[in-house]
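Number of protein chains: 2
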Amino acid sequence: MTSNHRTALEKVRLGVIGLGGRGSGLHGLLLNMDDVEVPAISDVYEDRMEKNAEAAYKKRGVRPNTYQDYRELLDKEDLDGVIIPSSWTSHAEIAIAAMESGKYAAVEVGGASSVQECWDLVRTSERTGKPCMMLENCCYGREEMTLLNMIKKGLFGEIIHCQGGYEHDLRHEVSHGLINRHYRFRNYQNRNGEVYPTHELGPIAKYLNINRGNRFLSLTSMSSKARGLHEYIVNTMGPEHPLASVQFTQGDIVTTMIKCAHGETVFLIHDTTLPRPYSRGGRVQGTKGIWMEDNQSIHFDGITPHEQWEPFKKYLEEYEHPLWKWYREEGVRGGHGGMDYLVLRAYVESIKNQTDTPIDVYDTATWMVITCLSEDSVAMGSMPVPIPDFTNGKWIDRKEPKPWKYSLDVIPETI
Amino acid sequence: MTSNHRTALEKVRLGVIGLGGRGSGLHGLLLNMDDVEVPAISDVYEDRMEKNAEAAYKKRGVRPNTYQDYRELLDKEDLDGVIIPSSWTSHAEIAIAAMESGKYAAVEVGGASSVQECWDLVRTSERTGKPCMMLENCCYGREEMTLLNMIKKGLFGEIIHCQGGYEHDLRHEVSHGLINRHYRFRNYQNRNGEVYPTHELGPIAKYLNINRGNRFLSLTSMSSKARGLHEYIVNTMGPEHPLASVQFTQGDIVTTMIKCAHGETVFLIHDTTLPRPYSRGGRVQGTKGIWMEDNQSIHFDGITPHEQWEPFKKYLEEYEHPLWKWYREEGVRGGHGGMDYLVLRAYVESIKNQTDTPIDVYDTATWMVITCLSEDSVAMGSMPVPIPDFTNGKWIDRKEPKPWKYSLDVIPETI
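Chains A and B are the protein sequences, given in the same order.
All letters in the first sequence, in the order written, are residues 1008 to 1422 by the working numbering.
All letters in the second sequence, in the order written, are residues 1008 to 1422 by the working numbering.
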């Protein structure tokens, strides 16, 4: 069964497939949206489904249908879209099945395992006419949107170089992966590459107009030795603990350099198994200025005093994105400083308007593919590898979509 | 003529070849050292020599011999060593000639143009028994030496990843290269790579025991488009100025990733033609902690509160290197916060003791070669390129030199 709405919807019917920590959180956010119904949920673990079904019943007085097999959910339920916060390696497969069954697909962040599954996503979306949106919440972060606004207004001049990272000490969570079923635990025992690039790369791709007049051309990745997780396990669980003999393949630090069609460079760093405070390591550099996250500072040529930094805070207030101005007036809600809510709303409103999503299938494929390409590059001693053009040449002439509230390509004048 | 001293020298006789801004500065420092004489100087430009000869006469009452041809200086003068702050592309050639004429060679910082000239440096030093030291002042910076001390004491645990950069807005100096004969001006019109890696890479190489139990294996470099210098020229000199039509090949941002034999990774960034405050972009990461220059902070596992930074300043005081403790008591002198003086003294005292220099010919060659290899990598679309083992396998078993005041390999107990 597929939904056959053609005009704007009053209510959006969504399913959630994957109910780990992230899925449960998103489910909770959806339950707070008056124009959203969640009649069906799915997870391979019964306990997770039960917990979520109960939460839904408490909130809404209706128990959603539960499915251990997501294919059954897609088959039986009349839904407008599904949200897929499942394990990394199942995102593409489930999203493809969702689009095939006539639903808007939304995948949580995560990287691809092969180039082919990214092509499959793209071709399925093109054939079915159903969008596939990566729910990259950081694209809707207040700082990221302010920067997008400043970049579009030309404050940085011509953009030359961007940096970002996922720099998050996850040793505790990951080393308890046997207990908490953390997806990274098995990945870190087997893979080696930039497994989680999109929190920083999503916003950067929008800064650089990727797939709309620009594209990623090639990348090269390098991985350090893997020591952090093993040392943490030995120190906290003891050398005799069974986990102390687990071998990890994922290097502690994975760095990636990406070249763009118009000569910009992007540097990414994945850093999750060494002690450190959290950072997304942001940096934007153009011919007129530089922003850096780690010292929360900015420098503009001829504006900031020579050889000095000034606080980003000042600009954050002056150049706040109209969406965030509206959002703060309305009342910020949900996790991660409010951006989880915004990215979900962007998806919900795309469905309501029956338009494409602001992060479209080309964006989703382009961001996901970085992971498997970086694994290829690491495996080949940091050989550069080409990044596919999933638009097949259309990136050159793809028009900017019309400005709307949740656009990440054009800044709306008013909300 | 060569000097034939065998035992410790009371006075050291030095020549200076290359008297631009840097050479004049070093010459001035030498004139303030009681145990150093500078009987001969050389430069291709008469005006520079004249200025330096006059300064020497004013300071010491003796006018040094001047040579437009450095070969004549090496041939005629009885010197213990020569200091070579000449243009980048002449360092190796002059250092080789200096060692051939029986003198300790000291080259200013800068990169090589070919792998072969680095081998020639190494082979000449091995054959003549004369050291060749890169005067990498940053190795003697207070922060860098404190970090070296902390790393050797194991505070960071096992070192996994280091970063550094030369991030210095040089648009004014370089764009006036026709007037001020700035060496970068012609290089930036013709080369494209990591042309100036050693300020950050020198200290990092010492942190990582490069050439003493570890080595650099391979690198890959990526270069952005070149926009900053041209835009600066147009904006400050006007679009009709002859320089506005000059094409620059050197990308604004060049990033380089290096892999080490024991699995550590190093990231370098060269950033000199965009607006920004100065930074050497330092970062040291190990299994127990992280230091970052750009927020002047440190985090140690189990010591610093979870997810927080603490000021590096505290550690700078507690773990100050013994050389710097002594130095601050004696009185810091000379340029760049005192490190110019220390690196020169390290060279002078090596000559006085007739021992090898703390930055030896293998270090010098290994650091210089990064430049031409990064050019190769950029030219080949970021292909990884191997980094030669200039020790020919001796790095595996090379012993740490005995501790002394200026050592960069072992920390002396007392000065």
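Fair warning: there could be bad hints in the mix.
Straight-line distance between alpha carbons at most 25 Å, and here's what the computed DMTMM-like set of lysine to aspartate or glutamate pairs gives [what the hints assert, rightly or not]: (1) A:Lys1232 to B:Glu1165; (2) B:Lys1232 to A:Glu1100; (3) B:Lys1160 to B:Glu1324; (4) A:Lys1232 to B:Glu1324; (5) B:Lys1058 to B:Glu1044; (6) B:Lys1232 to A:Glu1165; (7) A:Lys1320 to B:Glu1165; (8) A:Lys1159 to A:Glu1133; (9) A:Lys1232 to B:Glu1044.
These are calculated hints, taken from the structure and not from any lab test.
Structure-based check of all given hints:
no. : hint                   : result
1   : A:Lys1232 to B:Glu1165 : holds (10 Å)
2   : B:Lys1232 to A:Glu1100 : violated (38 Å)
3   : B:Lys1160 to B:Glu1324 : holds (15 Å)
4   : A:Lys1232 to B:Glu1324 : violated (31 Å)
5   : B:Lys1058 to B:Glu1044 : holds (18 Å)
6   : B:Lys1232 to A:Glu1165 : holds (10 Å)
7   : A:Lys1320 to B:Glu1165 : violated (36 Å)
8   : A:Lys1159 to A:Glu1133 : violated (29 Å)
9   : A:Lys1232 to B:Glu1044 : violated (49 Å)
Of the numbered hints stated above, those contradicted by the structure are hints 2, 4, 7, 8, 9, listed in ascending order.
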